[in-house]
Amino acid sequence: MAENFPIVDMSKLNTEERGSAMEMIKDACENWGFFELINHPISIELMDKVEKLTKEHYKKCMELRFKEMVTSKGLESAQSEINDLDWESTFFLRHLPTSNISEIPDLEQEYREAMKEFAMELEKLAELLLDLLCENLGLEKGYLKKVFHGSKGPNFGTKVSNYPPCPKPELIKGLRAHTDAGGLILLFQDDKVSGLQLLKDDKWIDVPPMRHSIVINLGDQLEVITNGKYKSVMHRVIAQTDGTRMSLASFYNPGNDALISPAPALVKDLDETSQVYPKFVFDDYMKLYVGLKFQAKEPRFEAMKAMESSSNVSLGPIATV
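In this note's numbering, the protein residues as written are 50 to 370.
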């Protein structure tokens, strides 16, 4: 297991050990950008069902397609590092503001129902976590949820990924290093096949696979809102030579028109010059991110800052909806 990787036992939040659990979340947000939840409110039965159906769906509908893609691109015979492709088979489910689950082809009805239920549970967990972060940051309860809401509610979706065995993991990443653009990411990952790593103090550290845990990581928006107190960190997936790794990453992100900026309560004691992070509309950030996902986040923040000063953003009303 990774050296003291933060594992938070959520059952402690309702006991006299609440203080130490909250402290662990705070430390994880400030120093790791990641933590792992055990004894969270999502039922084990539901997780087992989702895992079984995801793996069955991959075998039945995705595996052959992936193998054909590998063959068509000649990836098995790659001689040098491949930088423009990930060794993963994925599809994306949108839950909020509107669901597209009924439109995805090839999904069995049982799988659709299970994913709908799983998404509802994850949404509740995300909102609970945002309030725990508010508490640790000294922000009023509900502050983060309100910022994420914009005028139409948050964006929430799940990237369903499988990482098949890879003959040349030293040449092809399962997923290249990046930070996540959005808000809060909730990951249900394979407990047998590892591969997820995060960058801490210039070292790649394994995020330990644990049965029925949910891994949480922070996206760029939370770094901006906390004015850098919390960090989004670089992470990647290393392809493995054995076993297919399942990964269900659910992104609880701001709404497209949500106005993102450092929380006033966290910058009120700073003078003008030291307020580091920009103010922008989430959708503008996403448009920029799409082309720059696998690069450092700092130039993205700089670009948003330049946009802000050139347009003197008068985005007030959106935020009050």
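Everything labelled a hint here was simulated from the structure, so no lab data went into it.
Since the structure is predicted, the reported quantities are computational estimates derived from the model, not experimental observations.
Worth double-checking, as some hints may not be accurate.
What the hints assert, rightly or not - Subject to a maximum C-alpha distance of 30 Å in a straight line, what follows is the list of computed DSS-like cross-link-like pairs (lysine-lysine):
no.: 1; residue 1: Lys98; residue 2: Lys190
no.: 2; residue 1: Lys195; residue 2: Lys317
no.: 3; residue 1: Lys317; residue 2: Lys101
no.: 4; residue 1: Lys336; residue 2: Lys194
no.: 5; residue 1: Lys328; residue 2: Lys354
no.: 6; residue 1: Lys122; residue 2: Lys104
no.: 7; residue 1: Lys122; residue 2: Lys195
no.: 8; residue 1: Lys195; residue 2: Lys354
no.: 9; residue 1: Lys122; residue 2: Lys109
no.: 10; residue 1: Lys116; residue 2: Lys217
no.: 11; residue 1: Lys190; residue 2: Lys354
Hints, verified against the model:
1. Of the supplied pair hints, the one linking Lys98 and Lys190 is violated, its CA atoms being roughly 33 Å apart against a limit of 30 Å.
2. The hinted pair formed by Lys195 and Lys317 meets the criterion: a straight-line CA distance of about 19 Å does not exceed 30 Å.
3. Of the pairs offered as hints, the one joining Lys317 and Lys101 is violated, with about 49 Å between alpha carbons and a cut-off of 30 Å exceeded.
4. With a C-alpha separation of about 22 Å, the suggested pair Lys336 and Lys194 falls inside the 30 Å cut-off, and the hint holds.
5. Of the pairs offered as hints, the one joining Lys328 and Lys354 holds, with about 7 Å between alpha carbons and a cut-off of 30 Å not exceeded.
6. Note on Lys122 and Lys104: the hinted pairing holds, with a Cα-Cα distance of about 24 Å set against a maximum of 30 Å.
7. As the CA atoms of Lys122 and Lys195 are separated by approximately 45 Å, the hinted pair breaks the 30 Å bound.
8. Proposed proximity of Lys195 and Lys354 is supported: the alpha carbons are some 23 Å apart, at most 30 Å.
9. For the suggested pair Lys122 and Lys109, the alpha carbons sit about 22 Å apart, so the restraint of at most 30 Å is met.
10. Taken as a hint, the Lys116 and Lys217 pair is honoured in the structure, with Cα atoms around 15 Å apart against an allowance of 30 Å.
11. Of the pairs offered as hints, the one joining Lys190 and Lys354 holds, with about 28 Å between alpha carbons and a cut-off of 30 Å not exceeded.
Checked against the numbered hints above, the structure breaks hints 1, 3 and 7 and satisfies the rest.
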